[in-house]
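For reference, the chains in residue letters:
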Amino acid sequence: MSEEVIIQHTALRIPYSWAAGAHATRFYREIAEHRRIMGTRCPRCGRVLVPARKSCSRCFQDTTEWVEVGPIGVVTSFTIVHYSEPQIQPMKPPFAIALIRLDGADTALLHLLGEVELSKIRTGMRVEPVFADEPKGHILDIRYFKPVSID
Amino acid sequence: MSQRVAIVGIAQTTFQSAKRAQNYAELVHEVVSELFTKTGATHDDVDNIVSASSDFWDGRTISNMAIQDVVGAYMKSESKVSSDGTLAVLYGMMRILSGQYKTTLVVAHSKGSEGTPNLIANAAFDPIYQRQLGIDGLSASALQARRYMEKYGVSEEEVALVSVKNLANARKNPYAQVAGEFTVDDVMQSGYLAEPIKKLEASPISDGACALLLAREDLVDRFTDKPVWLKGVGHCQDCYYLGDRDLAESEALAVAAQRAYAMAGIRDPGKEIDVAEVYDAFSYQELMWTEILGLCPRGEGVELIRSGVSTIDGTLPVNPSGGVLAAHAVIVAGLVRVAEAALQLRGEAGQHQISGVKTALAHGSFGYCGQMHCVWILSNEK
Numbered sequence: 654m655s656e657e658v659i660i661q662h663t664a665l666r667i668p669y670s671w672a673a674g675a676h677a678t679r680f681y682r683e684i685a686e687h688r689r690i691m692g693t694r695c696p697r698c699g700r701v702l703v704p705a706r707k708s709c710s711r712c713f714q715d716t717t718e719w720v721e722v723g724p725i726g727v728v729t730s731f732t733i734v735h736y737s738e739p740q741i742q743p744m745k746p747p748f749a750i751a752l753i754r755l756d757g758a759d760t761a762l763l764h765l766l767g768e769v770e771l772s773k774i775r776t777g778m779r780v781e782p783v784f785a786d787e788p789k790g791h792i793l794d795i796r797y798f799k800p801v802s803i804d
Numbered sequence: 002m003s004q005r006v007a008i009v010g011i012a013q014t015t016f017q018s019a020k021r022a023q024n025y026a027e028l029v030h031e032v033v034s035e036l037f038t039k040t041g042a043t044h045d046d047v048d049n050i051v052s053a054s055s056d057f058w059d060g061r062t063i064s065n066m067a068i069q070d071v072v073g074a075y076m077k078s079e080s081k082v083s084s085d086g087t088l089a090v091l092y093g094m095m096r097i098l099s100g101q102y103k104t105t106l107v108v109a110h111s112k113g114s115e116g117t118p119n120l121i122a123n124a125a126f127d128p129i130y131q132r133q134l135g136i137d138g139l140s141a142s143a144l145q146a147r148r149y150m151e152k153y154g155v156s157e158e159e160v161a162l163v164s165v166k167n168l169a170n171a172r173k174n175p176y177a178q179v180a181g182e183f184t185v186d187d188v189m190q191s192g193y194l195a196e197p198i199k200k201l202e203a204s205p206i207s208d209g210a211c212a213l214l215l216a217r218e219d220l221v222d223r224f225t226d227k228p229v230w231l232k233g234v235g236h237c238q239d240c241y242y243l244g245d246r247d248l249a250e251s252e253a254l255a256v257a258a259q260r261a262y263a264m265a266g267i268r269d270p271g272k273e274i275d276v277a278e279v280y281d282a283f284s285y286q287e288l289m290w291t292e293i294l295g296l297c298p299r300g301e302g303v304e305l306i307r308s309g310v311s312t313i314d315g316t317l318p319v320n321p322s323g324g325v326l327a328a329h330a331v332i333v334a335g336l337v338r339v340a341e342a343a344l345q346l347r348g349e350a351g352q353h354q355i356s357g358v359k360t361a362l363a364h365g366s367f368g369y370c371g372q373m374h375c376v377w378i379l380s381n382e383k
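Just so you know, the sequences run in chain order A and B. Numbers in the numbering used here are just positions in the first sequence, counted from 1, shifted up by 653. Numbers in the numbering used here are just positions in the second sequence, counted from 1, shifted up by 1.
If we strip away everything but chain A, and leave its shape as in the complex, we get (with noise of 0.2 Å):
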């Protein structure tokens, strides 16, 4: 008998469908009605929390306004993927995921960039939002964050 174990290939394939809750629907339905990227308030610290959700994550307070932001942001860090994960990424490698600072938020949003030479993108550069043509109700709705074009 040969030394060898067997291994046995399967794989877990389950369905879910999420809740996306009352903040994060108002923040995709602000994207696709009106185009802007909202964030909300929080009383205590005065933060104003970008993406858009219920309760401040540092004072444990109810946010209590909607403030738009942006669509200018400015990049805060950045990385270059070089590795290939299709089940997961949306862009083909080598591709850039940023922390991107919109004007007026205090946090920073997790997204892509695209529209640009990625050897270019430097932390700092200012950046504005490309919308999806048919938003579903996800973060894909922003297809990506594009360098400001400088007139």
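Quick caveat, the hints were computed from the structure, so don't treat them as lab data. Treat the hints loosely; a few may be bogus.
[Claimed, not checked] When the alpha-carbon atoms are kept at most 25 Å apart in a straight line, the in silico BS3-like pairs for lysine-lysine are as follows:
id, chain 1, residue 1, chain 2, residue 2
1, B, K152, B, K200
2, B, K383, B, K227
3, B, K173, B, K227
4, B, K383, B, K39
5, B, K272, B, K359
6, A, K789, A, K799
7, A, K799, B, K152
8, B, K200, A, K745
9, B, K227, B, K272
10, B, K200, A, K773
11, B, K152, A, K773
12, B, K359, B, K227
[To be verified] Label pairs and their calculated CB-CB ranges:
id, chain 1, residue 1, chain 2, residue 2, range
13, B, D314, A, E721, 53 to 63 Å
14, A, A785, B, K39, 57 to 67 Å
15, A, I725, B, P175, 49 to 59 Å
16, A, V801, B, Q69, 50 to 60 Å
17, B, K39, A, L771, 51 to 61 Å
18, B, E151, A, G699, 20 to 30 Å
19, A, T678, B, L120, 26 to 36 Å
20, B, E349, A, T678, 54 to 64 Å
Using N, Cα and C, we set each Cβ at its ideal position, and we do this for glycine too.
Given chain A, work out where chain B should sit, using these hints.
What follows is chain B alone, placed relative to chain A:
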């Protein structure tokens, strides 16, 4: 602490990219059996078990169900931590301090080879706002690496020194998966995975297991003449969303460290700690964590290496085992940091033994970019 708890036994498997000869219950059985052999403990000596594993990494719901038979939990209490193994030690200690139990078996296992690591990592991000962006643990950490390096003016060549040091240390550790004599150039040329992180700066995903036996003070002598005392611990969480934090900082680690130092009576960690095992899942993390642990000023983590302080023959060696860069069984790796610190305190670390170790630090982390930190201070003196 009025009642003291000690580590009285330590066992770990070798760590490999794929341990195909054993299923994961057999890995756990190996370390628990070895622990019993080393300590002379029997099944009857173990009051309860705290295990650490992950449903997603094991690919089954309630991952600890499948190991009950091999940890000897039959007719005993067993509880799982679905987080880093350092937290399992904390729960184990608390169970003894509750007065309900005299001993606790702490055991962690993971076989990264059996799942698809980047998919599992991506699934840790919430499906509402983040997951569809294709981010995973590696790309998230790359965002932190750049932010840290830009804020503190640390170059890629400097960060590479961590891999050079730790992978060289790992040559002296028979349990390590990755080891070698690499130069900064080798690291720089190893290819970007997610910029600025390169292949030799990312920990391998490993298969392996680790177990400790904890005992109440009055029972320690039954199992060992070299107890390792749990002197201090701190545990702290940060915000979930990466964008809510300044990724160049870690207030959670600073708080965890201060709690551990206060409990252990440590005033000057850089002087009082003899060896540290920190959670360097990526090379830049050793620099960040050692700075925030207060072992050196902020931005000067690389100076610890360059000046020789944190090298294996320095005054405060960091990751003499090779650290997580040398072997990264997810969830297990923090328990291994505790195990390695305990081996140093017992004088049993073999070729990577540091001489005269009296106080050791072990650090674990879980959640991307150090959302959770747990810091332990251990000593061979009561």
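Checked hints:
For the proposed pair B/K152 and B/K200, the alpha carbon gap of about 23 Å is at most 25 Å, so the pair holds. Restraint check: the Cα-Cα separation between B/K383 and B/K227 comes to about 11 Å, which is no more than 25 Å; the hinted pair holds. Proposed proximity of B/K173 and B/K227 is supported: the alpha carbons are some 23 Å apart, at most 25 Å. At roughly 22 Å between alpha-carbon atoms, B/K383 and B/K39 fall within 25 Å of each other, so this suggested pair holds.
A hinted pair counts as satisfied when its Cα atoms are at most 25 Å apart, and B/K272 with B/K359 qualifies at roughly 12 Å. Of the pairs offered as hints, the one joining A/K789 and A/K799 holds, with about 21 Å between alpha carbons and a cut-off of 25 Å not exceeded. A threshold of 25 Å between alpha carbons decides the hint, and for A/K799 with B/K152 the separation of about 24 Å falls inside it, so the pair holds. Taking the CA atoms of B/K200 and A/K745, the gap is near 19 Å; set against the 25 Å cutoff, the hint holds.
Only pairs whose Cα atoms come within 25 Å are accepted, and B/K227 paired with B/K272 is accepted, the gap being roughly 24 Å. For the proposed pair B/K200 and A/K773, the alpha carbon gap of about 23 Å is at most 25 Å, so the pair holds. Pair hint B/K152 plus A/K773 holds up; C-alpha atoms about 19 Å apart against a cutoff of 25 Å. Simply put, B/K359 and B/K227 have alpha-carbon atoms about 12 Å apart, close enough for the 25 Å limit, and the pair holds.
Checked against the hint of 53 to 63 Å, the C-beta distance between B/D314 and A/E721 comes to roughly 58 Å, which is consistent with it. Between A/A785 and B/K39 the C-beta distance comes to about 60 Å, which sits within the given range of 57 to 67 Å. Look at A/I725 against B/P175: about 55 Å separates their beta carbons, and that is inside 49 to 59 Å. Between A/V801 and B/Q69 the Cβ separation comes to about 58 Å, which falls inside the hinted range of 50 to 60 Å.
Hint check: B/K39 to A/L771, Cβ distance near 53 Å, so the stated range 51 to 61 Å holds. For B/E151 and A/G699, the hinted distance range of 20 to 30 Å is satisfied, since their beta carbons lie about 27 Å from each other. Distance hint for A/T678 and B/L120: a CB-CB separation of about 27 Å, consistent with the stated range 26 to 36 Å. Between B/E349 and A/T678 the C-beta distance comes to about 57 Å, which sits within the given range of 54 to 64 Å.
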